[in-house]
Amino acid sequence: MGLFIKCEEAQQICDKSQYKETSFFQKIIHFFHLAICKFCRTYTKSNTQLTKSLHDSRLRTLNSEEKRALQDKIQQNLSAE
Amino acid sequence: MEILQPNLWVDKYADYLYNYTIVRVNDHVVAQDIISDTFLAALKSSKNFKGEATERTWLISILKRKIIDYYRKINSKKGKAEIHINYKNEDSEGDWLEENAADPFDKTAEDTLENEELGLAILDCLDKLDKRQAEIFKLKTVEGFDTDAICKEYNITPSNLWVIIHRARKTLMECLNDNWFNK
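Chain order of the listed sequences is A and B. Mapping of the first sequence onto full-length UniProt numbering: position 5 corresponds to residue 5, and the numbering continues sequentially without gaps. Mapping of the second sequence onto full-length UniProt numbering: position 75 corresponds to residue 75, and the numbering continues sequentially without gaps.
Don't read these hints as lab results, they were simulated from the structure. Being a predicted model, the structure only gives us computed values, none of them experimental. Careful: at least some of the hints might be erroneous.
Unchecked claim - Calculated pairs, DSS-like style, for lysine-lysine (alpha carbon to alpha carbon, straight line, at most 27 angstroms): (1) A:73 x B:44; (2) A:67 x B:47; (3) B:128 x A:16; (4) A:52 x B:170; (5) A:6 x B:170; (6) B:12 x A:67; (7) B:47 x A:73; (8) B:170 x A:27; (9) A:6 x A:27; (10) B:64 x A:73; (11) B:152 x A:16; (12) A:52 x B:12; (13) A:67 x B:64; (14) A:67 x B:44; (15) B:128 x A:20; (16) B:131 x A:52; (17) B:131 x A:67; (18) A:16 x A:45; (19) B:50 x A:73; (20) B:73 x A:73; (21) B:170 x A:38; (22) B:128 x A:45; (23) A:16 x B:131; (24) B:128 x A:52; (25) A:38 x A:27; (26) B:170 x A:20; (27) A:38 x A:6; (28) A:20 x B:131; (29) A:67 x B:128; (30) B:47 x B:64; (31) A:67 x B:152; (32) B:12 x A:73; (33) A:16 x B:170; (34) B:152 x A:20; (35) A:45 x A:6; (36) A:67 x B:73; (37) A:45 x B:170; (38) A:20 x A:45; (39) B:131 x A:73.
Could you build the full structure based on these sequences and the hints that come with them?
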């Protein structure tokens with residue numbers, strides 16, 4: 001893998017870094033890519049903003065078991081009618 | 001004209017209702033009970049659904065009543081709690097508690113409410129993805145599952161997963177830009 005990468009790859013590194021799943025080497029080549037690519041700088045900026053929004057929103061979801069329990073209750077009541 | 005599809009309620013609205021509820025009752029178990037009650041009450045009164053509002057709006061209106069019921073119940077258990085509300089004008093009457101119940105939140109927790117609205121806006125935007133993509137994105141991003149665990153569960157490769165995450169994030173960025181940041 002060279003120091004120069006395509007935007008596609010740079011964006012994937014950017015995505016992974018939102019989940020802290022990038023290696024040190026990936027961070028370096030991403031850094032170099034951003035230095036020469038305005039498009040990916042914009043992408044990185046909005047991607048980071050999205051991570052912040054997701055964090056700020058304190059969004060939570062019900063897990064699949066909890067959803068299944070709800071679904072079961074609805075199903076029981078539907079068939080009872 | 002909207003029609004009710006109770007079979008899809010959990011998939012379509014459970015997370016939305018949950019986020020709406022959790023900021024108001026701040027208890028995971030209570031929130032689940034309230035949502036469960038809401039769905040059952042909705043089934044019972046499904047013939048009252050006129051199709052004028054969307055299914056979700058209608059469910060939220062039932063949910064609001066359930067949340068108020070919950071606060072009434074814990075207040076009556078205390079036996080002493082009183083809720084004082086100043087009428088805004090002479091004409092306010094009828095279901096006054098319902099009408100005014102949201103006010104304390106407006107004033108004391110604007111940040112929480114703003115964040116809650118952001119959360120609901122994000123969930124709205126997630127509707128633009130197909131169900132499987134949205135599920136995978138939520139597992140990875142909201143519940144913080146391992147890449148490996150998700151890949152195993154959905155029988156996909158890590159590169160599949162990152163493509164899905166990439167699409168989801170791009171969709172969300174655009175959608176939030178349109179509906180939240182530049183509202």
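Against the structure, the hints come out as follows:
A C-alpha spacing of about 13 angstroms is found between residue 73 (chain A) and residue 44 (chain B), which places the hinted pair at or below 27 angstroms, so the restraint holds. Distance restraint check for residue 67 (chain A) and residue 47 (chain B): the Cα-Cα separation of roughly 25 angstroms lies within the 27 angstroms cut-off, and the hinted pair is therefore satisfied. The suggested pairing of residue 128 (chain B) with residue 16 (chain A) holds, with an alpha-carbon distance near 22 angstroms, which does not exceed 27 angstroms. In summary, the hint linking residue 52 (chain A) to residue 170 (chain B) is supported, as the alpha carbons are separated by about 15 angstroms, within the 27 angstroms threshold.
In summary, the hint linking residue 6 (chain A) to residue 170 (chain B) is supported, as the alpha carbons are separated by about 18 angstroms, within the 27 angstroms threshold. A threshold of 27 angstroms between alpha carbons decides the hint, and for residue 12 (chain B) with residue 67 (chain A) the separation of about 11 angstroms falls inside it, so the pair holds. The suggested pairing of residue 47 (chain B) with residue 73 (chain A) holds, with an alpha-carbon distance near 19 angstroms, which does not exceed 27 angstroms. About 21 angstroms separates the Cα atoms of residue 170 (chain B) and residue 27 (chain A), which keeps this hinted pair within 27 angstroms; it holds.
About 14 angstroms separates the Cα atoms of residue 6 (chain A) and residue 27 (chain A), which keeps this hinted pair within 27 angstroms; it holds. In summary, the hint linking residue 64 (chain B) to residue 73 (chain A) is supported, as the alpha carbons are separated by about 20 angstroms, within the 27 angstroms threshold. For the given pair, residue 152 (chain B) sits about 18 angstroms from residue 16 (chain A) by alpha-carbon distance, which is consistent with the 27 angstroms threshold. With a C-alpha separation of about 25 angstroms, the suggested pair residue 52 (chain A) and residue 12 (chain B) falls inside the 27 angstroms cut-off, and the hint holds.
The suggested pairing of residue 67 (chain A) with residue 64 (chain B) holds, with an alpha-carbon distance near 20 angstroms, which does not exceed 27 angstroms. For the hint linking residue 67 (chain A) to residue 44 (chain B), the alpha-carbon distance of about 20 angstroms falls within 27 angstroms, and the restraint holds. For the suggested pair residue 128 (chain B) and residue 20 (chain A), the alpha carbons sit about 26 angstroms apart, so the restraint of at most 27 angstroms is met. For the suggested pair residue 131 (chain B) and residue 52 (chain A), the alpha carbons sit about 24 angstroms apart, so the restraint of at most 27 angstroms is met.
Taking the CA atoms of residue 131 (chain B) and residue 67 (chain A), the gap is near 14 angstroms; set against the 27 angstroms cutoff, the hint holds. At most 27 angstroms may separate the alpha-carbon atoms for a hinted pair to count; residue 16 (chain A) and residue 45 (chain A) meet this at roughly 14 angstroms. Taking the CA atoms of residue 50 (chain B) and residue 73 (chain A), the gap is near 24 angstroms; set against the 27 angstroms cutoff, the hint holds. Restraint check for residue 73 (chain B) and residue 73 (chain A): the C-alpha separation of about 23 angstroms stays at or below 27 angstroms, so the hint holds.
About 17 angstroms separates the Cα atoms of residue 170 (chain B) and residue 38 (chain A), which keeps this hinted pair within 27 angstroms; it holds. A hinted pair counts as satisfied when its Cα atoms are at most 27 angstroms apart, and residue 128 (chain B) with residue 45 (chain A) qualifies at roughly 22 angstroms. A hinted pair counts as satisfied when its Cα atoms are at most 27 angstroms apart, and residue 16 (chain A) with residue 131 (chain B) qualifies at roughly 22 angstroms. Taken as a hint, the residue 128 (chain B) and residue 52 (chain A) pair is honoured in the structure, with Cα atoms around 20 angstroms apart against an allowance of 27 angstroms.
Straight-line distance between C-alpha atoms of residue 38 (chain A) and residue 27 (chain A) comes to about 17 angstroms, which keeps the hinted pair within the 27 angstroms bound. Taking the CA atoms of residue 170 (chain B) and residue 20 (chain A), the gap is near 18 angstroms; set against the 27 angstroms cutoff, the hint holds. Of the pairs offered as hints, the one joining residue 38 (chain A) and residue 6 (chain A) holds, with about 13 angstroms between alpha carbons and a cut-off of 27 angstroms not exceeded. At roughly 25 angstroms between alpha-carbon atoms, residue 20 (chain A) and residue 131 (chain B) fall within 27 angstroms of each other, so this suggested pair holds.
Restraint check: the Cα-Cα separation between residue 67 (chain A) and residue 128 (chain B) comes to about 20 angstroms, which is no more than 27 angstroms; the hinted pair holds. For the hint linking residue 47 (chain B) to residue 64 (chain B), the alpha-carbon distance of about 19 angstroms falls within 27 angstroms, and the restraint holds. The suggested pairing of residue 67 (chain A) with residue 152 (chain B) holds, with an alpha-carbon distance near 20 angstroms, which does not exceed 27 angstroms. For the suggested pair residue 12 (chain B) and residue 73 (chain A), the alpha carbons sit about 16 angstroms apart, so the restraint of at most 27 angstroms is met.
Pair hint residue 16 (chain A) plus residue 170 (chain B) holds up; C-alpha atoms about 14 angstroms apart against a cutoff of 27 angstroms. For the hint linking residue 152 (chain B) to residue 20 (chain A), the alpha-carbon distance of about 20 angstroms falls within 27 angstroms, and the restraint holds. A hinted pair counts as satisfied when its Cα atoms are at most 27 angstroms apart, and residue 45 (chain A) with residue 6 (chain A) qualifies at roughly 18 angstroms. Annotation: proposed proximity of residue 67 (chain A) to residue 73 (chain B) holds, straight-line Cα distance about 26 angstroms (limit 27 angstroms).
Restraint check for residue 45 (chain A) and residue 170 (chain B): the C-alpha separation of about 12 angstroms stays at or below 27 angstroms, so the hint holds. Of the pairs offered as hints, the one joining residue 20 (chain A) and residue 45 (chain A) holds, with about 16 angstroms between alpha carbons and a cut-off of 27 angstroms not exceeded. For a cut-off of 27 angstroms, the pair hint linking residue 131 (chain B) to residue 73 (chain A) stands: about 22 angstroms separates their Cα positions.
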